[in-house]
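A.B. asks: Each chain is listed here by its residues.
Number of protein chains: 2
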Amino acid sequence: MNDTPPAQGPLGRAPGPGPTNHTATLCTREPMRLDSGGELGPITVAYQTQGVLNAERSNAILVCHALTGDHYMQGPHPVTGKPGWWEIVVGPGRVIDTRRYFVICSNVLGGCLGTTGPREINPATGQPWGLGFPVITIGDMVRAQALLLDHLGIDTLFCAIGGSMGAMQVLQWAVAYPERVRAAVPIAGSWRHSAQNIAFNEVGRQAIMADPDWSGGDYLSEGRVPRRGLAVARMTAHITYLSEPALHRKFGRKLQNPTGVSYGFDADFQVESYLRHQGASFVKRFDANSYLFITRAMDYFDLAAAHDGVLARAFQGTKTRFCVISFSSDWLFPTAESRAVVRALNAAAARVSFVEVTTDKGHDAFLLDEPAFHDTLSGFLNGLAEQAGLPPAPEDPS
Amino acid sequence: MNDTPPAQGPLGRAPGPGPTNHTATLCTREPMRLDSGGELGPITVAYQTQGVLNAERSNAILVCHALTGDHYMQGPHPVTGKPGWWEIVVGPGRVIDTRRYFVICSNVLGGCLGTTGPREINPATGQPWGLGFPVITIGDMVRAQALLLDHLGIDTLFCAIGGSMGAMQVLQWAVAYPERVRAAVPIAGSWRHSAQNIAFNEVGRQAIMADPDWSGGDYLSEGRVPRRGLAVARMTAHITYLSEPALHRKFGRKLQNPTGVSYGFDADFQVESYLRHQGASFVKRFDANSYLFITRAMDYFDLAAAHDGVLARAFQGTKTRFCVISFSSDWLFPTAESRAVVRALNAAAARVSFVEVTTDKGHDAFLLDEPAFHDTLSGFLNGLAEQAGLPPAPEDPS
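Chains A and B, in that order, are what the protein sequence lines are. For what it's worth, full-length UniProt numbering labels the leading residue of the first sequence as 1, then goes sequentially. For what it's worth, full-length UniProt numbering labels the leading residue of the second sequence as 1, then goes sequentially.
If we strip away everything but chain A, and leave its shape as in the complex, we get (with noise of 0.2 Å):
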C-alpha cells in the first residue's frame, strides 16, 4: 500500500509512458442498439489511457467519469489547459498506479469532448445532432465502454470505477457484464436516481431551455451557445455538490469586499463571486444540449426497474468483488443510497465492503484530496492485484 500523499507522489520518475489520447471509430458494420429501440452507427469514442496492458490483458482498470467529467483523467486538458479530473488518484505511485494498472477513461456516449454526442455531426444531415440525438441511458453508455474494450482486446476488466455518474456505469457493468467485471467500486452514487436528484436535473434542463439562445436545440447550426441558461445549471448543480459546512468552511458570509455590502446585486458575497465564477468557466467546455442529454440518463437509471424494484436480483450470482463508497456529507447521494446497493449485493451473497468516508467536503469529496478515502481505495486495489498475481509497481528508488 502507497501511503504517499498523491500531490506529493514521484510523477518525475514515472516509470510507465504517460496518458496518451486516443479515439476509436466502431460499430462501423452495424449500428449500437439502444435502450430506447432506436440505433446509433457508426460511433466514435475519444479515450485517454495511461499505463501498460500486461500480457494476459489483465490489469485493465477502466474509470468511468461524472456527469460533466470527461477521459482527461490527466491533463492538460484541450480546452481549458488545466490538470485532468483525477491526476489525484489516478498516475505512477498514485492510488490507481500506472506503473501497475493499464487505466481507461473514455468520455460518455452523448459527451461533448470527442465521443458521439449531440454536438458532433449528424452524417444524415450534416448538421450538429442537436435534439436530433437519441434519447440515450447509462445502460447505452456502457455498451459503448464494452465495445471500446473489444476494441482494445480487453476482455475482462481487472476493475470498473467510478464516482457520481461514474458510479451508475461501474454498477451497471456489474449488472450488464459480470463476466467481464473482476472488481467495481461505485463511489458516492446510487442503483437509481432519486426524486430530489430528478428534481435538480430538471431545474438544470429549464434553465438552459429557458434561454432564448439555445434555440431549440439549434444553437449551433446557429452559431449561438445558451450560456445564461448553462451557467445557472451548472450554478445550481455545484451547490449540490459541496456541503453547507464545506461552503460554510470555505467561504461563510465572508465578504468580497471586507468594508460592507454594497446594497446592490453585485456578488457582495465570496460565495457569489465562487459561484459565478463557476458558471462562467464551466459554459467555456460543456455543451448545452450534452448537459440535456447526460442528466436525462442519469434520470432514467434504475437498475431494479427491470426486476420488479428487487434490486438484489440485479446481482444474483455475481462473482465481482465491489467496494463500495460514500461520504458522510454527500446530501446528493447520501450513505443511505449506498447503503441500499451493500445490502442488496449482500442478500445476492455478493463479496461486498462498503465504506462511509467521514469527510464535510460532500459529494466532491471523490474528486478532492481526502487520504481516507485515498487510503480506502488503494487497500481494495492492492489486496485484489496481490491476489490475482499482479506484481507489484517498481520500487521508488529513492
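Hint data in this document are derived by calculation from the structure and do not stem from the laboratory. All clues stand as given, with none of them false.
When chains are identical, the list treats them as one kind, so a pair holds in a single copy or across two.
Here are the simulated SDA-like cross-link-like pairs (lysine to any residue), alpha carbons at most 25 Å apart as the crow flies:
no.	residue 1	residue 2
1	Lys250	Thr335
2	Lys284	Met209
3	Lys254	Thr240
4	Lys284	Tyr274
5	Lys284	Pro212
6	Lys254	Tyr274
7	Lys319	Asn54
8	Lys319	Thr335
9	Lys250	Trp331
10	Lys250	Thr240
Note that the structure is a prediction, hence the values are computed from the model and not measured.
Please arrange chain B on chain A, whose structure you already have, making use of the hints.
C.D. replies: Leaving out everything else, chain B in the frame of chain A:
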C-alpha cells in the same frame, strides 16, 4: 388549549369579524430611514387583520410572512383565488384563535401585493421603481411594520410570529424593539443567512437576470415579464422547501405515463411535472424584481454582525418570551441554526423554550397540517395568554 384539528374548526360559527384587507399610507411627513443610508417615503403598507383589538390593545399578534408570501393569511387570494397561506393556523377556533387575538399580517416592504416595492410607481419618475428601488433589509421591513403598528395605535405586540424569512423578522423585532414584543415565535429560521442559502438565492437571481425579458429590471415599463427566469428561480427554491424523504414519499420515481418513459425531454416523472407547475403558477402571482430585492434582504440578514459576531449580545436584557421551533427534516434552515439562537438566548438569560418538531415535511412544514407543530404553538400561546389575563375564546356551544 384547542385540540380541534384546524381544518375542521368551527369556521361557520365564527363570532369574530372575518378577515379584512387594508392599506395605510405612512411616512407622509418625513421619509423612512433605510439601513442602506437612503430614505423612502411616503410608503404604502398593505395588510390584513382578523379578530378584534381589545380595549387594552394587548391582544395583537403580528404574523410575518416568508419570502414569497403576502398579507393574505386568509383568502381568497386576489390573484390566485386560492385560500390564504396560513388559514390552517389563523382563524376562529384555530391555533391562533381570532376570537381571542387581533391578528395582523402586512405585505413586506419590497413586496408585490400592495406594499411599496419595485413593482410600484416611483413618484419621482412616474415609472415602476424596478432596479431603482432602494436595496432594503429585514431591518427595514420590520421598521415599516413598526410604523404600521404606530398607525394602528398598538404599542406592544402580544406576539410576533413567523416562519422562514418571517422568523428573521420576528428575531429582528425582538432585537430592534424589545419593549414592543411580549413574545416572539421564530419558526424554521435563523439569526443569519447561511452560505448555502445565499448560494441558492444567488442562483435564483441569476436565473431571473439571465432572462432577456427581465430587461435590466425594466420589464414592466416595456410590457414584458421574465417568466422563464422567475420560474427557474422558483423551481430551484421549491426543491429546498421540501425534504428528500417527502419528495420520495410523494413522487419517488413515479411516471406521468405508467407505461414507460418517453425517451425525450417532456416531463416523464411526476416530480418534473410538479416542479414545472410550481414554476408556472408562481410567475402569475409574483414579481421578479420583488424576488431580487427580498432575497437580497435575506442574504444581508445577520443579527450578530453588529455585535462582533456574538449573537447573545443582540438579546442582552430582553424581557421577551421566546418559543423557537424547528423541523427535523428542514435542510434549508436546519435545527442547528435554531439551536444556535436558543444558545444565544440562554446566554442572554432570556426566557426561551425550544421544540424541534419531528416531521419529514421539510422547511415548508410551517405551512402544512403538522399537528405536533400546531400543538406546540397553541400550548405556548395559551399559557402566555392566561398569564397575560387575556380572556379565553368563547366556548363552542355545540
